[in-house]
Every structure is written in structure tokens, then in C-alpha cells.
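A.B. asks: Sequence:
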Amino acid sequence: MKKQKVIEKKLDHWLESVSRPAAKLHIVLALIYAVYIVLSDAWNLITPFAAKQRWLALFVVTSVYILAWFYSSKPNRDHGHHRRVIWALITADLALATFSIYTQRGMSSRAVILFTLPIVVSSLLLKKFSILVTTLCTIALYILSAWWYFHTHFNEGYKAELAIEVGFYCVFFLILAEVLWLLIRPKKS
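FYI, in the numbering used here the residues of the sequence shown are -18 to 170.
Only true hints are included.
DSSO-like, lysine-lysine: derived pairs with alpha carbons at most 27 Å apart:
id, residue 1, residue 2
1, LYS(-10), LYS5
2, LYS5, LYS108
3, LYS(-9), LYS109
4, LYS(-14), LYS109
5, LYS108, LYS(-9)
6, LYS(-14), LYS108
7, LYS55, LYS(-10)
8, LYS109, LYS(-10)
9, LYS55, LYS(-9)
10, LYS5, LYS33
11, LYS55, LYS(-14)
12, LYS5, LYS55
13, LYS108, LYS(-10)
14, LYS(-16), LYS108
15, LYS109, LYS5
16, LYS108, LYS(-17)
17, LYS(-17), LYS109
18, LYS(-9), LYS5
19, LYS55, LYS108
20, LYS(-16), LYS109
Hints in this document: simulated from the structure, not taken from any laboratory.
Throw the hints in and build the complete structure from the sequences for me.
C.D. replies: Here's what the structure looks like:
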């Protein structure tokens, strides 16, 4: 029983030490995404409507990132405080990636890289279950966003192409999750 409490205390200390820097990095990501929107709009690579959509999405996720940064700076005796901060970052990352995939041509979108961020962030929780849940949510949201775009714009690709593309990235997400788990798992020695 004492060993379990010591482990939980160490985990809480770990989460307290990584939640604020993780939130700061997400704010940097939001700034980079803002530059991306400005450059895409300046060179007429996106329509004004798409630019407005992206600014709105960026505002929403940046609000979550700033709130996470603010709450991560507060010392709290609550056991799950910093865990909730990390989960808020993961949720916002998933939302931004899903939005980006759908608005950037579904299976043809190069924004698929954004789905790797929530999986990596989930590894900060040091639990295989967290990585697995995040990876399964990532896979489900990627399939949903790519399929929904394909369904609404059916003349922009083939079903076989959709299945191959989505299947490849889903397997990649699973491999990434397993590699992260191998890196963070507790050593037996």
C-alpha cells in the first residue's frame, strides 16, 4: 500500500513538472498555426471563408491551451489536477487535427501529422492505457474526418485510395503508440 502511494506521489510530481512546459509548447504551436494561416491567406492558397474557419478553430484551441497553461501553474493538492491539464491538451490537439483533416481535403490532407501530437502528449501521463485511449480516439477521428470529407466530396478520390491511405496512417499511429510505450514503460530492474 505504501509503495503504491509513493508511486502515485512520484507520478503527481512528474505531471506537475511537465504540464506547464507542455502547455507552453502548445501555445507555441498555436502561434505557428497562426503564421500558417496568415501565409496561406496572403498567397491566396485558401479562400477567405476557409481562413475565417481556421481563425475560429485556432481561437478555440488556443483558449484551451492558455487555460491549461494557467491551471498548470497553480499548485494543487488534488490528485488529478495536472492529469486533467494534460487531457485538456490532448482533447484540443485531437480537435485541431480533426478539423484540419476535414477542411484540408480529407485523405489528401498533409495535416495528418497533427494527429501524432496527442499520442506523444499522452505519453506524458506514463500510462499505457492513456496512450492506447488516445491512439484509438486518434484513429477513430481520423477515419471519421477522412471518410466524412470523402462522403461529402465523393468525386475527389476512390474508395480503395481512401481505405489504403487511412489504413496506412492508422497502423502508423498504433506503431507510434507502441514505440512511445517502449520508451516510457517502467523498467523491471
